[in-house]
Amino acid sequence: MKYKILKIIFIFFLLTQKTFALVSVDITRGNLDPLPIAISNFYLDTTITENIKKLSIENKIPELIQNNLTRSGLFFALEKKSFIQKPDIAHNRPRFEDWAFIKSQVLVTGKISLEKEGRLKVEFKLWDIVSATELSALAFYTSPDNWRRVSHLISDKIYERLTGEKGYFDSRIIYVAETGPKVDRKKRLAVMDQDGYGVKYLTLGNELVLTPRFSPTSQFVTYMSYYKNLPRVYLLNIETGIQDLVGDFPGMTFAPRFSPDGKKIIMSFAQDGNSDIYTMDIKTRIVEKLTDHPSIDTSPSYSPDGLQIAFNSDRSGFQQIYIMKSDGSNVKRISFGEGLYGTPVWSPRGDLIAFTKLYKNKFYIGVMRSDGSGERLLTENYYQEAPSWAPNGRVLIFYRETPSDVTGKGGGAKLWSIDLTGYNERLILTETDASDPSWSGLLSVK
Amino acid sequence: MQKSLKISFIAHFIILTISSITLPFLMGRVQAPLVISVDLVQIGDRTNIPYAPKVSDGEKTDKKIKDRVVTEQAPPKIVPKEKPDAVPLPENIKKIKELLEKRQNPVKVEDLTKQTSEFEKKEIFDPNKISALIDKSKKDNSEANNKPSLEATQSQQKNVVTSKLTITQEDAIKAQIFKCWNIPIGLPYNENLTVRIKIKLNPDGSLVSSEILDQARMNTAGQTYYKILAESALRAVKLCNPLKVPSTDYEKWKEMQLNFDAKEMLKG
Amino acid sequence: MLLNKLNKIILALTVTLFLGACATQQKATTTPTDDAYTGTETVKYLADGVPDRVFFATNKSDLTSAASATLAKQAAYLKANPNLNVVLEGHADERGTREYNLALGERRATAAKNYLISNGIAANRIKVISYGKEKPANPASNALAWSQNRRAVTVKTN
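Chains as they are written, first to last, in my numbering: chain S, 1373 to 1818; chain V, 4 to 271; chain F, -10 to 147.
Everything labelled a hint here was simulated from the structure, so no lab data went into it. Keep in mind that a hint or two might mislead.
For lysine to aspartate or glutamate, the following DMTMM-like pairs were computed, each having C-alpha atoms within a straight-line distance of at most 20 Å [to be verified]:
1) K1732(S) / E30(F)
2) K270(V) / D1791(S)
3) K1734(S) / D24(F)
4) K1600(S) / D24(F)
5) K1493(S) / D1460(S)
6) K230(V) / D1398(S)
7) K124(F) / E1579(S)
8) K257(V) / E1579(S)
9) K270(V) / D1460(S)
10) K255(V) / D1398(S)
11) K177(V) / E267(V)
12) K1786(S) / E123(F)
13) K116(F) / D1644(S)
14) K33(F) / D1556(S)
15) K116(F) / D41(F)
16) K1781(S) / E123(F)
17) K49(F) / E1710(S)
18) K49(F) / E1532(S)
19) K1558(S) / E123(F)
20) K203(V) / D1470(S)
21) K116(F) / D1620(S)
22) K270(V) / D1405(S)
23) K1458(S) / E1495(S)
24) K124(F) / D1556(S)
25) K1453(S) / E1435(S)
26) K124(F) / D1777(S)
27) K230(V) / E1537(S)
28) K177(V) / D1405(S)
29) K1786(S) / D1565(S)
30) K270(V) / D1398(S)
31) K230(V) / E1506(S)
32) K1538(S) / E194(V)
33) K177(V) / D1398(S)
34) K230(V) / D1653(S)
35) K270(V) / E1537(S)
Here chain S stands alone, though its shape is the one from the complex:
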């Protein structure tokens, strides 16, 4: 009997012992340093012809991927010089210790081969060096001159696999290319890849053009043009080059944007000193007036679900941000901070609105929640405005102007991008001065 009691006591102790045994430590901090990534050169397999060898895409593709990932601010690319393993061996199965030795946590390898009918096959693998596993492997087929596009697609896949959110590298930016003296600026529409390559000019610069914006499918652009000295909103099919006047109102139409379904254009129409917001159905040309107020109502932007519209208005006496339902009802002011607020743009995720703020003679790009709470300023400068969201809602592109001296020199406009943390600000190199950038959606999603 006594033995039994002892046994019970013993078991009891054992049990309590168990519950208290595992020490629990909360890890709530880490470093936010960019992830060290090694991007190995790809290797050409034996099917590759001399002509393709000349392109040296086995180096250029990884280089482009590296540029993309580094510019996102989330990755730190290791020096290729320090790589020990050859691209082909690494691609088959890397010696993880070799890559861990140079402090890489993930590795990208790739292989390029030629398939039937001159199609290029670009294959890549993503490896977790620390855990010694393969994270993903994919192959893309394309024509050899399309290698840039493939590089962007691979960058997106890597980004998505490591961060959990969609990438934004396979996308384009449309903007206004500016040349000439400040008092007589020549402005042209231009479109380029997200990383600044492959610029194409869409207008000749004979008339002033402003504020181009991509349609959700990235096939159309709506913009404002002073064609024949009539400032109006136009629609341009960038694949066919066909232009179409959509804002043919008895006065100036401006500040156009597409609705998220791509069926309507929302814009401002100014008449008799009053600007209000209208929509026009692109097919039926049916016009709807959404605001009716003697103040300036402009810069409208739809929420991604199409149910609401953000815009700026000076109905309070100063330029502030308002939201309303997409039928124009329920107008509500959401910006209450000090200073002036303009150019609200709804994030593709729907949670945030980016804006330009003027406060004490400085310009800020910031974000706030769609109810106006949580204002966060990302960057301050002499002059900057017109934020536009990357397709994944993590990065904003905008333009920044530098002041000019008394002769008008020194001033200029450049495109910049900044991520939501505000720490990763980058200049986007363009051939000419540039303003009014608009980011397309992902080109692969149509």
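Guided by the hints, dock chains V and F onto chain S, whose structure is given.
Chains V and F alone, transformed into the frame defined by chain S:
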């Protein structure tokens, strides 16, 4: 018979009472003499670990720990959970300005790159160590698959499992893992993502095994963020191998549950 | 010692800056209209003694008394030349967002147009166009240039 039953009943009662009231209390007492921060680093230094995973700059660790000790006089309490939609914002303009200044400053970029390279240089690296690690990680997997641990399930919340490490011991572990953990910056700050990893250690601090306690969630559709966080946490554990451990009390820390939660960092 | 001095200097500077900030802010809030340009630089003439442009205060489109006087002269000139048509070009300075400035330019030009109409000029003789901040008269980035660029310019179309 009746007598023995009575005795048994009384004995049980006594033990229950003692364990439920006194035991935690006793344990509290064991912890009570809080070691001053400076001692902590010494603990680490005294332990005879063949190689330290990171030669940390003592100054930084010191300061960090001091801060923590000051704010945590009492044993860690359960922090009320923040609403998932809590706003991650700087409260005052001053702070914004400071941030902005930092961001505007072109030197900042240089600093960043410099930091990274310094980080690299500082680490002592032993290739043998990595290969050992790889072997172990293979073993880990098989172990994890064969016998899913019963004692450490997800239901074991931090309030149930009372840490038996002293705060300084715990902080020393934390400080090391903080440095090894590259938080995936793209994760959402407003989602509740906590990854629990159970680690087993040798007396010298080297990793015997590491195991994600909610393995099933890893491969559930729609749990991509969780999976990515878990992968990063596993990398952190492995990068930190071997851990600098206290020279005593092996029984206390031979098994630990690490709860990785990046929310606070992602908000900041 | 040196550090102490430095601290004092910094403190003094900070205080001055703060006071400075207060001063400019006050100026901006109490007298919002007095930054309209009053000089004659950049001004052209439709005819002898008839200036072609009027100036506005920051973010404003109300006519100052000087602007009204100029427009009265323009109205008289247009009455004397009944076959003359004009376009009123509205402009803004570079310290505002592009789209808002387009609307602001339109509002300024309309303010000038309405004054001419109220002075007996037929509405069909006056067209309005806004260039926002796109065509500055003075390209410099300073307060003087901005005041010269916040304008409505009357341009003959025939």
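*Which hints from the list above does the structure break, by number from lowest to highest?*
Hints 1, 4, 8, 9, 18, 20 and 34 not satisfied by this model.
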